[in-house]
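J.: Fit chain G to the supplied structure of chain V, relying on the hints for placement.
Protein chains in written order, with our numbering: chain V, 1 to 644; chain G, 645 to 905.
Keep in mind that the hints were calculated from the coordinates and are not lab data. Among these hints, one or two may not hold up.
What the hints assert, rightly or not - Each computed DSS-like pair below joins lysine-lysine, with the alpha-carbon atoms no more than 25 Å apart: (1) G:LYS846 / V:LYS548; (2) V:LYS548 / V:LYS510; (3) G:LYS653 / V:LYS304; (4) G:LYS898 / V:LYS548; (5) G:LYS653 / V:LYS303; (6) G:LYS653 / V:LYS390; (7) G:LYS898 / V:LYS213; (8) G:LYS679 / V:LYS390; (9) G:LYS846 / G:LYS898; (10) V:LYS562 / G:LYS701; (11) G:LYS898 / V:LYS510; (12) V:LYS548 / V:LYS530; (13) V:LYS562 / G:LYS665; (14) G:LYS665 / V:LYS495; (15) V:LYS474 / V:LYS24; (16) G:LYS701 / V:LYS495; (17) V:LYS510 / G:LYS660; (18) V:LYS548 / G:LYS653.
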Amino acid sequence: MILDSKIPEGPLAEKWEKHKFNVKLVNPANKRKYDIIVVGTGLAGASAAATFGELGYNVKAFCYQDSPRRAHSIAAQGGINAAKNYQNDGDSVFRLFYDTIKGGDYRAREANVYRLAQVSVNIIDQCVAQGVPFAREYGGLLANRSFGGAQVSRTFYARGQTGQQLLLGAYSALNRQIAYGKVKMYPRTEMLDLVMVDGKARGIVTRNLITGKVESHSAHAVVLATGGYGNVFFLSTNAMGSNTTAAWRAHRRGALFANPCYTQIHPTCIPVSGSHQSKLTLMSESLRNDGRVWVPKTIELAKKLQTGELRASDIAEADRDYYLERKYPAFGNLVPRDVASRNAKLVCDEGRGVGASGLAVYLDFADAIKREGLNAISAKYGNLFDMYAKITDENPYESPMRIYPAVHYTMGGLWVDYNLMTNLPGLYATGECNFSDHGANRLGASALMQGLADGYFVIPYTIGDYLAQMPSDKVSTDHPAFKEAEQNVQAITNKLLSINGTRTVDDFHKALGQIMWDYCGMARNAEGLKFAKQEIRKLRAEFWRDVKVIGVNEELNMTLEKAHRVADFLELGELMVDDALNRNESCGGHFREESQTPENEALRDDENYAYVAAWEYAGEGNEPILHKEELKFENVKLTQRSYK
Amino acid sequence: MAGNNPNAKLMNLTLKVWRQKNMNTPGQLVTYPVKNISPDMSFLEMLDVVNEELLVKNEDPIAFDHDCREGICGMCSLFINGRAHGPERGTTTCQLHMRSFRDGDTITIEPWRAAAFPVYKDLIVDRAAFDRIQQAGGYVSVNTGGVPDANEIPIPKTIADKAFDAATCIGCGACVAACKNASAMLFVSAKVSQLAMLPQGKVERKTRVENMVAQMDIEGFGACSNTGACAAECPVGISLENIAFMNREYLTAKATSENVA
Numbered sequence: 001m002i003l004d005s006k007i008p009e010g011p012l013a014e015k016w017e018k019h020k021f022n023v024k025l026v027n028p029a030n031k032r033k034y035d036i037i038v039v040g041t042g043l044a045g046a047s048a049a050a051t052f053g054e055l056g057y058n059v060k061a062f063c064y065q066d067s068p069r070r071a072h073s074i075a076a077q078g079g080i081n082a083a084k085n086y087q088n089d090g091d092s093v094f095r096l097f098y099d100t101i102k103g104g105d106y107r108a109r110e111a112n113v114y115r116l117a118q119v120s121v122n123i124i125d126q127c128v129a130q131g132v133p134f135a136r137e138y139g140g141l142l143a144n145r146s147f148g149g150a151q152v153s154r155t156f157y158a159r160g161q162t163g164q165q166l167l168l169g170a171y172s173a174l175n176r177q178i179a180y181g182k183v184k185m186y187p188r189t190e191m192l193d194l195v196m197v198d199g200k201a202r203g204i205v206t207r208n209l210i211t212g213k214v215e216s217h218s219a220h221a222v223v224l225a226t227g228g229y230g231n232v233f234f235l236s237t238n239a240m241g242s243n244t245t246a247a248w249r250a251h252r253r254g255a256l257f258a259n260p261c262y263t264q265i266h267p268t269c270i271p272v273s274g275s276h277q278s279k280l281t282l283m284s285e286s287l288r289n290d291g292r293v294w295v296p297k298t299i300e301l302a303k304k305l306q307t308g309e310l311r312a313s314d315i316a317e318a319d320r321d322y323y324l325e326r327k328y329p330a331f332g333n334l335v336p337r338d339v340a341s342r343n344a345k346l347v348c349d350e351g352r353g354v355g356a357s358g359l360a361v362y363l364d365f366a367d368a369i370k371r372e373g374l375n376a377i378s379a380k381y382g383n384l385f386d387m388y389a390k391i392t393d394e395n396p397y398e399s400p401m402r403i404y405p406a407v408h409y410t411m412g413g414l415w416v417d418y419n420l421m422t423n424l425p426g427l428y429a430t431g432e433c434n435f436s437d438h439g440a441n442r443l444g445a446s447a448l449m450q451g452l453a454d455g456y457f458v459i460p461y462t463i464g465d466y467l468a469q470m471p472s473d474k475v476s477t478d479h480p481a482f483k484e485a486e487q488n489v490q491a492i493t494n495k496l497l498s499i500n501g502t503r504t505v506d507d508f509h510k511a512l513g514q515i516m517w518d519y520c521g522m523a524r525n526a527e528g529l530k531f532a533k534q535e536i537r538k539l540r541a542e543f544w545r546d547v548k549v550i551g552v553n554e555e556l557n558m559t560l561e562k563a564h565r566v567a568d569f570l571e572l573g574e575l576m577v578d579d580a581l582n583r584n585e586s587c588g589g590h591f592r593e594e595s596q597t598p599e600n601e602a603l604r605d606d607e608n609y610a611y612v613a614a615w616e617y618a619g620e621g622n623e624p625i626l627h628k629e630e631l632k633f634e635n636v637k638l639t640q641r642s643y644k
Numbered sequence: 645m646a647g648n649n650p651n652a653k654l655m656n657l658t659l660k661v662w663r664q665k666n667m668n669t670p671g672q673l674v675t676y677p678v679k680n681i682s683p684d685m686s687f688l689e690m691l692d693v694v695n696e697e698l699l700v701k702n703e704d705p706i707a708f709d710h711d712c713r714e715g716i717c718g719m720c721s722l723f724i725n726g727r728a729h730g731p732e733r734g735t736t737t738c739q740l741h742m743r744s745f746r747d748g749d750t751i752t753i754e755p756w757r758a759a760a761f762p763v764y765k766d767l768i769v770d771r772a773a774f775d776r777i778q779q780a781g782g783y784v785s786v787n788t789g790g791v792p793d794a795n796e797i798p799i800p801k802t803i804a805d806k807a808f809d810a811a812t813c814i815g816c817g818a819c820v821a822a823c824k825n826a827s828a829m830l831f832v833s834a835k836v837s838q839l840a841m842l843p844q845g846k847v848e849r850k851t852r853v854e855n856m857v858a859q860m861d862i863e864g865f866g867a868c869s870n871t872g873a874c875a876a877e878c879p880v881g882i883s884l885e886n887i888a889f890m891n892r893e894y895l896t897a898k899a900t901s902e903n904v905a
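Just chain V, same shape as in the assembly (with noise of 0.2 Å):
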């Protein structure tokens, strides 16, 4: 199989223009004749649903939420990024590009983030127009503060709740489109398979949470916005349901999935508290701007902090190690987030972590505080300090926060080309679904960027090029090829209900968990991650043999729901090992011991690995099969990454 990017020729300030005149057009006329899918409504989802229907197209989209709005992109805090330059500070679309780029570890292809810059400005007036409420100036103007990566003030945010607003507003515009009755809206409905017809994406069947109703929808095309895949590891910052299965059965059904093991940790979330926890909250990377990262110098501090004996208060400022600001001091403590995640690793490792766990950081606001007074840092973070002191029982204005890493986004997705399509025609995905704008490391508020970016601007051009050489004659669902994934779906359902084991799903999923967090974390070796890929097998051998899912399909069985996503997270623990494996170089979030620089950054190897791992399924029990898209680097010079 060879993997064509379609990139268009051209110089990089000019591909997407040229493209857009390129694109073939389906006429105003014709495009009520085409059935779009859309599955997911997070911000990429609902972007691209609320556009398509504004167009013209048949669309429906689909969430396992009871409503579009709760997808979790509501959840993103800090902010959204656009090379506006309203700040007069030096910004331009080379700029964030050029950042994007370095940020991600070169690992990302120039022309989809140069675009995705291109385009980061219209987000930002359509989302204005919309009436998103960002935060302003007394001058009445939009206000912006800095993010991790940058030396420039260009993310745009709605205080601590900026994902909030910007789905909102993508919700308002499916809501129209709803309205209009341009798209059907099937909430509580979850993707369990891809239906392919003559080597086209031509449906998907579904499976209705309350009833449990199996149901197959044909379309033209169909388009996954079905976010990240965090939840593999069992704690994350994800929401509860959060899932790879639309993706992954996409994968089964061919669709390739690429550099899986490029996983984000963010560095500042609230820390572990006990073996109850189910999730894990994070506190926005916005807060590096005010907030100072520190432990103690000394392991001897860090054990009385550590057992309770002392309090943060009680080190004096020559006893405080502020490592961030120590060994970076360009961009102290913002800089981006795999840098400070293995920082505080780092530092914890060697005993100077705080908290009863000694595994958490502080991260202080007093000089914050005592330079622009308590009422300032409260109207900057309020809902975000409010939170911090709900699940802690710790008020973060008078005792520094404690934080610690935890998984938050995955880079690796289903692989696009150019115009975000998979290998398999007419099946797209967008957002954080997909792998291609990210590279090895997202900078802070540039996820919002990147799903708005798919669903607004770029994929309602694209699509219409696909359509436009395809007839509109319509699949319908008798096809032998629905009945077939039908019955797929009914297999897995029926297999599930039937072992009637001992162990719970979460009882394996913490099990998975607890492997990829230890094995193919913020860390990897070959050794480790070679006795990660026999402990997933093993314990996937022993989930289709003992789990326990009670109930019936045709019921709201929430053991059920949950049963078919750890199933598939099951099989993807394994491929993002096997990636993490093959990548022998460090870039970005992927981390392997063996490449790192003598001041312990990561070291890439560009000679052998400047390139995206796009893996095949190969069937059940199969080595998965390996394809390489090379990364051609014009514009920018591949150095290794400096932040000092």
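T.: Structure of chain G alone, referenced to chain V:
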């Protein structure tokens, strides 16, 4: 320093939980004793523990809605000891922690109770009525593209902040559950106010309020009698002012109506 305290005292509790097989079967409160609950657990983590124990005994786990567990998605929806989202102010059920309860407590857990929110199963209700109200007019009619530069629409900071406060509604339905009339006025008024305050939303302000209120009535939500229970129980602090604002919007729109009958 509870979050930091490995010696926090574990609690034993008695739960009385609404169990209902489906929409067509009557439900009832069922009692479950639970042991060794850490005060650092969230309320939903406590229910996770109960459900794992039920599963091991081959009993159907308690169905409840939840997703982000960060207090923002609005999916969780429990009526705890007679209060929407439990005893803490400004807190969703997922952010409620067991340290808000005491060893030996009996905790009653029910679904939202409202004719417009029928029970699907146990503690899960159907809130699609909220979506339909938003579909009736909770948007600014702009298509993707063809919009002016964002800074061409300057908005005074005070207005932007007020609009933001209204826009933070998470659509959980606590306002309806808390109201003796099961009124959705706080929910509807939050969106009406947000958009009517902003220049982008002013163009359609009349039709919007008329259509959204009409849909609210069709869905069977009750009338507002200004008790303020909704705002008192709202986990994100949506202000009662929004209802007054909407009433003004509605009257103005009706007085000069160009829209609905």
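J.: If a hint holds in the structure, say so; if it does not, say that too.
T.: Going down the list of hints, with the structure as the test:
As the CA atoms of G:LYS846 and V:LYS548 are separated by approximately 55 Å, the hinted pair breaks the 25 Å bound. For the hint pairing V:LYS548 with V:LYS510, the CA-to-CA distance comes to about 15 Å; that is within 25 Å, so the pair holds. A C-alpha spacing of about 22 Å is found between G:LYS653 and V:LYS304, which places the hinted pair at or below 25 Å, so the restraint holds. Distance restraint check for G:LYS898 and V:LYS548: the Cα-Cα separation of roughly 58 Å exceeds the 25 Å cut-off, and the hinted pair is therefore not satisfied.
Distance hint between G:LYS653 and V:LYS303 is fulfilled; the C-alpha atoms sit about 23 Å from each other, no more than 25 Å. As the CA atoms of G:LYS653 and V:LYS390 are separated by approximately 18 Å, the hinted pair is consistent with the 25 Å bound. Note on G:LYS898 and V:LYS213: the hinted pairing is violated, with a Cα-Cα distance of about 44 Å set against a maximum of 25 Å. Distance restraint check for G:LYS679 and V:LYS390: the Cα-Cα separation of roughly 23 Å lies within the 25 Å cut-off, and the hinted pair is therefore satisfied.
Under the criterion of a C-alpha separation no larger than 25 Å, the hint pairing G:LYS846 with G:LYS898 is consistent with the structure, at around 16 Å. With a CA separation close to 18 Å, the supplied pair V:LYS562 and G:LYS701 stays within the 25 Å bound. Restraint check for G:LYS898 and V:LYS510: not satisfied, since their Cα atoms lie roughly 57 Å apart, outside the 25 Å limit. Distance restraint check for V:LYS548 and V:LYS530: the Cα-Cα separation of roughly 28 Å exceeds the 25 Å cut-off, and the hinted pair is therefore not satisfied.
With a C-alpha separation of about 19 Å, the suggested pair V:LYS562 and G:LYS665 falls inside the 25 Å cut-off, and the hint holds. A C-alpha spacing of about 24 Å is found between G:LYS665 and V:LYS495, which places the hinted pair at or below 25 Å, so the restraint holds. With a CA separation close to 20 Å, the supplied pair V:LYS474 and V:LYS24 stays within the 25 Å bound. Pair hint G:LYS701 plus V:LYS495 holds up; C-alpha atoms about 21 Å apart against a cutoff of 25 Å.
Of the pairs offered as hints, the one joining V:LYS510 and G:LYS660 is violated, with about 28 Å between alpha carbons and a cut-off of 25 Å exceeded. This hinted pair does not check out: V:LYS548 and G:LYS653 have alpha carbons roughly 32 Å apart, beyond 25 Å.
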